[in-house]
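Top line first, the protein sequences correspond to chains A, B and C. Sequence positions in the first sequence follow the numbering used here and run 1 to 452. Sequence positions in the second sequence follow the numbering used here and run 453 to 904. Sequence positions in the third sequence follow the numbering used here and run 905 to 1356.
Hints are computed from structural coordinates only; laboratory data are not their basis. It is possible that part of the hints are untrue.
[Claimed, not checked] Dumping the calculated BS3-like pairs for lysine-lysine here, alpha-carbon to alpha-carbon at most 25 Å:
| no. | chain 1 | residue 1 | chain 2 | residue 2 |
| --- | --- | --- | --- | --- |
| 1 | A | K321 | B | K782 |
| 2 | B | K692 | C | K1144 |
| 3 | A | K336 | B | K695 |
| 4 | B | K788 | C | K1003 |
| 5 | C | K1144 | B | K788 |
| 6 | B | K749 | A | K330 |
| 7 | C | K1144 | C | K1225 |
| 8 | C | K1234 | A | K330 |
| 9 | A | K336 | B | K773 |
| 10 | C | K1346 | A | K321 |
| 11 | A | K321 | C | K1147 |
| 12 | C | K1144 | A | K336 |
| 13 | A | K321 | B | K692 |
| 14 | B | K894 | A | K330 |
| 15 | A | K321 | C | K1225 |
| 16 | C | K1147 | B | K782 |
| 17 | C | K1003 | B | K782 |
| 18 | C | K1346 | B | K782 |
| 19 | B | K773 | A | K240 |
| 20 | B | K773 | C | K1225 |
| 21 | C | K1144 | A | K330 |
| 22 | C | K1234 | A | K336 |
| 23 | B | K782 | A | K330 |
| 24 | A | K243 | B | K894 |
| 25 | C | K1003 | A | K321 |
| 26 | B | K551 | A | K330 |
| 27 | B | K690 | B | K788 |
| 28 | B | K773 | C | K1144 |
| 29 | B | K695 | C | K1225 |
| 30 | A | K117 | A | K240 |
| 31 | C | K1147 | A | K330 |
| 32 | B | K788 | C | K1240 |
| 33 | A | K243 | C | K1234 |
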Amino acid sequence: LEDILITGGQKDADNLFTFSRNCYALVIGILGTGDFSRSLARRLVACGCRVVVGSRTPSRFVALFPEEAEVTHMEAANQADLVFVAVYPEHYSTLVHLKPALAGKALVDVSNGLQIKQEGPSNAQQLADLFPESSVVKGFNTTSAWTLQAGPRDGSRQVLLCSDDQMAKSSVMQLCRRMGFIPVDMGLLSSSLEIENLPLYLFPSWRTPIICTLALFIFFYLYNSVHEVLHPYITGGKNKLYKLPIEIVNVTFPSVALVMLALVYLPGVIAAFLQLWRGTKYTRFPDWLDHWLTRRKQFGLCSFLCAALHAVYSLCLPMRKSARFQLLNKAFEQVKAGNADSWVEADVWRMELYLSVGIMALGLLSLLAVTSLPSVANTVNWREFTFIQSTLGYCALFMGTLHTLIFGWDRAFLAAQYHFGLPPTFLLVLILPLTVLLSRLKCRYLIMHQIM
Amino acid sequence: LEDILITGGQKDADNLFTFSRNCYALVIGILGTGDFSRSLARRLVACGCRVVVGSRTPSRFVALFPEEAEVTHMEAANQADLVFVAVYPEHYSTLVHLKPALAGKALVDVSNGLQIKQEGPSNAQQLADLFPESSVVKGFNTTSAWTLQAGPRDGSRQVLLCSDDQMAKSSVMQLCRRMGFIPVDMGLLSSSLEIENLPLYLFPSWRTPIICTLALFIFFYLYNSVHEVLHPYITGGKNKLYKLPIEIVNVTFPSVALVMLALVYLPGVIAAFLQLWRGTKYTRFPDWLDHWLTRRKQFGLCSFLCAALHAVYSLCLPMRKSARFQLLNKAFEQVKAGNADSWVEADVWRMELYLSVGIMALGLLSLLAVTSLPSVANTVNWREFTFIQSTLGYCALFMGTLHTLIFGWDRAFLAAQYHFGLPPTFLLVLILPLTVLLSRLKCRYLIMHQIM
Amino acid sequence: LEDILITGGQKDADNLFTFSRNCYALVIGILGTGDFSRSLARRLVACGCRVVVGSRTPSRFVALFPEEAEVTHMEAANQADLVFVAVYPEHYSTLVHLKPALAGKALVDVSNGLQIKQEGPSNAQQLADLFPESSVVKGFNTTSAWTLQAGPRDGSRQVLLCSDDQMAKSSVMQLCRRMGFIPVDMGLLSSSLEIENLPLYLFPSWRTPIICTLALFIFFYLYNSVHEVLHPYITGGKNKLYKLPIEIVNVTFPSVALVMLALVYLPGVIAAFLQLWRGTKYTRFPDWLDHWLTRRKQFGLCSFLCAALHAVYSLCLPMRKSARFQLLNKAFEQVKAGNADSWVEADVWRMELYLSVGIMALGLLSLLAVTSLPSVANTVNWREFTFIQSTLGYCALFMGTLHTLIFGWDRAFLAAQYHFGLPPTFLLVLILPLTVLLSRLKCRYLIMHQIM
């Protein structure tokens, strides 16, 4: 490998070939004896590579490396053509005595950070500073010991690589492919900070959508509690606290679901109006809109989760003791009143209609959710994706709105629904979806008008 | 790159190496400044490539390309070694003045068609006709600007490529891999028409199954409406219209689900009989059978969707006002009749049995549906796939049939079920599944007999 | 290709290039005319390769190979540079007359075994013994004819390869990539036995979890039957057999689900205690623990399946005739007793609480199940994976335990629940989850104590 790093026309060509052909004959060194080191060694041996593992105390862990030689750090550095550095970054300085042995060789920094760093130097850059005569390649830190050990059979795992030395990076990419991974070139070593941060993120794209969902949930939960628990207590002294765990939750979830679904389509409408107003699509959107547009999938999935929970809660309603007791008391009343038929046609129709519209909305949302699974999304083309996420998505929003409208029906005009002067929940909930649906129609009209 | 295109033994080898090593030093040109162009430029810069973007009016969009030089078309064509053509196909003719500058270079046509074309020439072929001295490679049209920008981290995206010039194609494939995509060689430039059509299809494999589902749904919905709404109105003047949104739909969905599931296994049975009858498995099946066989997964998923909706509708039944009113009236009747115990053992057993068989059928269908997700299907081997789709699939068909049989039980022999002389729905529904199950047994018997 | 196999410095380099450049000009031979052969030929032709198919009786199947020449075995062997052997292993000996024609060429063995073999020689090794002058590469046996024909567009399919000849393996890997597959190097030909066994396994990782689930199901089903069917019959002569299909099953599933969920987290707790007790994390775990740790995902999915079925069964309860009859009889009783209000606050609260905790537990388990889909698991980093599987998983276990505790509430202390002296089911079920939760807390405490 040393020769490869010497620049030059024909000589390089020969050596790269030699590398390609002799990749198996190549000796791969690994400094460090942790979990990652062991898994990496096993994987490399399985690919037919010769591996030497450098240890501070070679005798101690001999049992762990049955198939590959375990030697001292210095021996490993001397024998290897390409060296993986699998020791903790804080111990890098203990390797400085290997500098002459590692000169001219490719060093792969597989380390991870302990916390997200906004500013460098990254671990890989620190290693490069310590070994200026070696070529440091950052990579494999996003790969777990488990994936290495099991082999990449269960799904294609990508390995992000970067380095200032293109030849060293090429060698590592080639090794990567042999191991069954898919190397992705991330450019120069300055990208290593980003690569080191990647495994430390905790659902960054979910933060805003989850905060939104929680905020809406708390708001609507309190609003509904005032309506359905506090109001009957204050005005009639009735104890309706039993409604808190299920009934109030079941009115809150659909509210959150519908508002979140409207929030999925709102940024698209805003963007369209912005483009129409500016008269061009070649200007950047403001950052907050850009951010919102890229989070639509997460907003949609949060909406689906709330809708699904609403469905489960609703289906649980007739199973509860409270529903049973109410029904029995109602039967008692009916018998006492001598009322042979309690059928109310309007109530029956309202319920049949809003249930069936609700099921359709949930069915459409389920389709959207399944299609947002990465493996399904990968099999549809752009036109199909747009059809599902836009056409079917607007259908779901329309169905959800209709579900709420049928539920509200004549109740919106009953003064009895305005407890403490507060409008009933469904009125609040309908504002945003109706705005989005009407704006969308307006926007369509404007675009058609413009074209004509 | 020009040199690469010169044929010749050793010279080529050297140059390809030079290309490989200097890929980062290579200047990539992009003609056009749209969304795709911007995303492609960013991705290439992230991979360490030098990028020049050719624009008709370089000054105007300067803000959009902060990291890469934006120049005139001519400058881009002159500086670049490999050129992406990212302008609309109808503007290709405006590029003819670049012909000398582009001679001997690889041109990548990333354009999409506006509608599916059955006959050529494709956009790429038109470009090749305009620039006979350049090597046109078709590709990247199936890749969205979004995927380019986000990087291919979220799932491995394949890039379909074709070209008449193998060296140019090889270079683009190599660039592709560096960007983290998986190039797939689709052969000569004559494949470009197919590649351009790919993003325009709208679920071609779902057309037949969805049409089947809709046709069956409409048929059974009307048939059930006659039975359950029209018949009581005509014979007894009873208004049962409230059954239309939920109850009729809930009888229709399971019918469609079971017939569709039978249609999944029917073509396999037909094919087996055809092979037994012809005495060989080395003849092609008729086209309609071949088409049907390749659509079985979609038929199965439609069946699952109907079965799942049937489950949701059924679970909603006790929640409805209509069910509540009927129960209250029934309680009233029972009290008036002085009947202390209304328990009917046979009715109880029938319901417990057909519910539990129904749940099992749905459970099996859910397993089949989960296993047909691409990422899950990729992790099972052939034997496991056959076990699930064939063995478990037939179990689901058997359970579904049994569910319907238990529901029908003695009702098939009651004259009261034959409204207007029409047999009850479940009798119609059972024909196809029973045929498939019995044919399968017969077929098994024949094969075993043949072997012995 | 012959030349490539000659070892030597510069000469090789040139030839490999020649190969690379002329890959399309390369003639690929396929011996055999079965389904696999046809699909492979079509795929290779689509990639621009020249293909000759060797047949015992070339005239017979001529219609099946419209695009590629079909010739005799000998002609194919002579013309081809790289040969796929697609005949049944038991017919390998009929190919020995091709030995001179195949000498120095790469032979790809695509055969599968008929049953799992623990000991060699594998088919590929037998082929290598028959053709010592050719270079045998094992591969493509895990790829179905269907995948070959449809192209690898629908998800990245890996092709496992092994060979003792690195150059031959490299050529096949390159061909593999051109076809859009991802070659994975599995090392020397001695790995071929494992590769041949791969398609024959039938869910090996699911065996233990499924046996566990079934054993627990049978145990709890019998235990509950004694409690709820046998006991009322023996003590009161009441026939409660109707409970067998649904009610008993619905008490059994949650028991199995909770115990299985505890079994997911038990091995982790045992491993942690073992490491604390040994004072080091650098010793191997006993085999049974290692085996158990790698099966946690499957245990978890079995638990989720049982929990989901429990939910469906529970939701079906109010829909049953038996529930209806009991309710009607209850209404009759209430009217006869003149009891206007049957509301029992404690019963209402217990049910509302344990339903809502149960829904939360199921929601968390659903999240865990979705995240264990390969395509979703691939998109989360290690920290996110740990958060979901460990933090959310323990929450689900806690919620499930709480659900059972609230259900049990005061019933654990009622002598009437101890039929035949046997404790009620929920007491048995709680043992393991409570043990795991408390051990986990203890373990956390020990680790924190150690650090301080």
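(message) Are any of the numbered hints broken by this structure? If so, which, sorted upward?
(response) 2, 3, 4, 5, 6, 10, 12, 13, 14, 17, 18, 21, 24, 25, 26, 28, 30 and 31
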